[in-house]
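With chain A fixed as given, assemble chain B onto it according to the hints.
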Amino acid sequence: MNAPEHALDAKEAHNLLICEHCDTVYRRRMLAPGETARCVRCDAVLERHQRLGVNGLLALVLTAMVVFVQANMWPIVTLGLNGQHVSTTLWGMILMMWNEHSQVVALLAAGTLFFFPLVKMLTLGWILFFARRGERAPGFVGVMTALHYVGPWTMNEVFVLGAMVAIVKAHAYFDVTPDPGIFAYGGLMLLITVFSGVDMRRFWSLAEAPPA
Amino acid sequence: MSALPRAHELGLIGCHVCGLVCRESGDLHDAACPRCGAPLHRRKHGSYMRTWALLIAAFIFYIPANFLPIMRTVSLGDVDDNTILSGIIELWVKGSPDLAIIVFTASIVVPMLKFLAMGLLLVTSHRRTGWGQRQRAKLYRLVEFIGYWSMLDVFVVALLTALVQFGVFSLVAPLPGVVFFGLTVVLTMLASMSFDPRFIWDSRETDD
Chain A
210 MNAPEHALDA KEAHNLLICE HCDTVYRRRM LAPGETARCV RCDAVLERHQ
260 RLGVNGLLAL VLTAMVVFVQ ANMWPIVTLG LNGQHVSTTL WGMILMMWNE
310 HSQVVALLAA GTLFFFPLVK MLTLGWILFF ARRGERAPGF VGVMTALHYV
360 GPWTMNEVFV LGAMVAIVKA HAYFDVTPDP GIFAYGGLML LITVFSGVDM
410 RRFWSLAEAP PA
Chain B
4 MSALPRAHEL GLIGCHVCGL VCRESGDLHD AACPRCGAPL HRRKHGSYMR
54 TWALLIAAFI FYIPANFLPI MRTVSLGDVD DNTILSGIIE LWVKGSPDLA
104 IIVFTASIVV PMLKFLAMGL LLVTSHRRTG WGQRQRAKLY RLVEFIGYWS
154 MLDVFVVALL TALVQFGVFS LVAPLPGVVF FGLTVVLTML ASMSFDPRFI
204 WDSRETDD
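Chains as they are written, first to last, in our numbering: chain A, 210 to 421; chain B, 4 to 211.
This is chain A alone, in the form it adopts within the complex (with noise of 0.2 Å):
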């Protein structure tokens, strides 16, 4: 590896930033409360003021797993007709579709909706919890580099979504009841849509490696 090759000096390439977007290269400001930089060519976001610090993330991960918790533990939505029940937890859902011959289904829902959300959570949890005494979490390369990848891969928000279209589709023939299972998926959604916004680069300059 030629790595050090590469590599500025340290407090220039902290005072840089290239737009993602479209490569222009600009020199880094601390940001004001509620402002946001935005590159002059391509218009896309460089970086937002954090509002929360790194205790504030951590609460909001941990709520987020104790909701994740409840999403996954009690029903979604309960179905009634003559006198009948059905209700579905999550997995309830993933397995019937294994099992109706839509394993591909089966896999998409299980990934967006279950693995991937909870491997942000966890990653993230991971990270931050060593962060807060300044310091590089164990495996941290690889765990910021699988945050990066899995970023764009949970759908708990889209589900909130086709849980109501599927709510009323069934209206109309069956007594339908919302479960527990359903308002913490909505919680779920704010929290998860919450901590998607936070900017996770900023960590890797947070705590940088110790000198080997």
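Derived by calculation from the structure, the hints in this document are not laboratory data.
A virtual CB, placed ideally from N, CA and C, is assigned to each residue, including glycine.
A hint or two may mislead.
As the list claims (entries may be wrong) - Okay, derived cross-link-like pairs now, DSBU-like style, lysine-lysine, Cα gap no bigger than 35 Å in a straight line:
| id | chain 1 | residue 1 | chain 2 | residue 2 |
| --- | --- | --- | --- | --- |
| 1 | B | Lys141 | B | Lys47 |
| 2 | A | Lys220 | B | Lys47 |
| 3 | A | Lys220 | B | Lys141 |
To be verified - Just the calculated beta-carbon pair ranges, DEER-fashion:
| id | chain 1 | residue 1 | chain 2 | residue 2 | range |
| --- | --- | --- | --- | --- | --- |
| 4 | A | Leu331 | B | Gly40 | 19 to 29 Å |
| 5 | A | Gly262 | B | Val171 | 55 to 65 Å |
| 6 | A | Asn224 | B | Gly40 | 20 to 30 Å |
| 7 | A | Met282 | B | Pro42 | 39 to 49 Å |
| 8 | A | Glu244 | B | Gly122 | 28 to 38 Å |
| 9 | A | Trp307 | B | Gly122 | 29 to 39 Å |
| 10 | A | Asp408 | B | Met196 | 17 to 27 Å |
Frame of chain A; chain B shown alone:
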């Protein structure tokens, strides 16, 4: 040099994964980011070909996704197979036009917009035209932002399948269309991710 220097004009290169600003020196072949170890490159490798391939594959899957039924409803021996479009029409007729519009947007408008937008971006940036660069950059970000909402219908079918299990009285089962549709969404997402928006700005004319 323009007032807004681009990375390669300054001999710099931004890491795709961690964003670190690195020096673009010597051989970039198997160069790695000093901070995160990801391969360093000026533009995503093979971006055009990969994006085209994924987009075409997505389009091929999109055809059966629309023509094959996605869901079967059985009630008292009465079998009814719905495609994406007939499901939307049913929602509209049964008195939920607002939801019908949401599903129509997610399942039809968004995928079509993605095919058109990505096709346009690929063709225009391949010709290195300087036309509407800002607008094209915004279009790309829009595609990235709305892409995954198309999964909506897939989740609706999955949830209804799990819920409507009343034996002979009422039953819902998924049909192959939904699998094709799910794959279309994943492939279009992969296509927009493999496109490098910086190509939009690599025009032949000196920019600005």
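Between Lys141 (chain B) and Lys47 (chain B), is the straight-line Cα distance small enough, at 35 Å or below? holds (19 Å)
Lys220 (chain A) and Lys141 (chain B): Cα distance at most 35 Å? holds (32 Å)
Is 17 to 27 Å a correct range for the gap between the Cβ atoms of Asp408 (chain A) and Met196 (chain B)? holds (18 Å)
Outcome of range test on Cβ distance (Trp307 (chain A), Gly122 (chain B); 29 to 39 Å): Since the Cβ atoms of Trp307 (chain A) and Gly122 (chain B) sit about 35 Å apart, the hinted range of 29 to 39 Å holds.
Quick one: are Leu331 (chain A) and Gly40 (chain B) within 19 to 29 Å, going by C-beta? holds (21 Å)
Range hint 39 to 49 Å: satisfied by the CB atoms of Met282 (chain A) and Pro42 (chain B)? holds (42 Å)
Assuming the hint says 20 to 30 Å, is it satisfied by the Cβ distance from Asn224 (chain A) to Gly40 (chain B) or not? holds (23 Å)
Holds or violated: 28 to 38 Å for the Cβ distance of Glu244 (chain A) and Gly122 (chain B)? Taking Cβ atoms as reference, Glu244 (chain A) and Gly122 (chain B) lie about 37 Å apart, which means the hint holds.
Is the straight-line distance between the alpha-carbon of Lys220 (chain A) and that of Lys47 (chain B) 35 Å or less? Roughly 27 Å separates the two Cα atoms, so the pair holds.
Could you check the hint for me, namely that Gly262 (chain A) and Val171 (chain B) are 55 to 65 Å apart, CB to CB? holds (59 Å)
Hint check: no violations occur; every hint is consistent with the structure.
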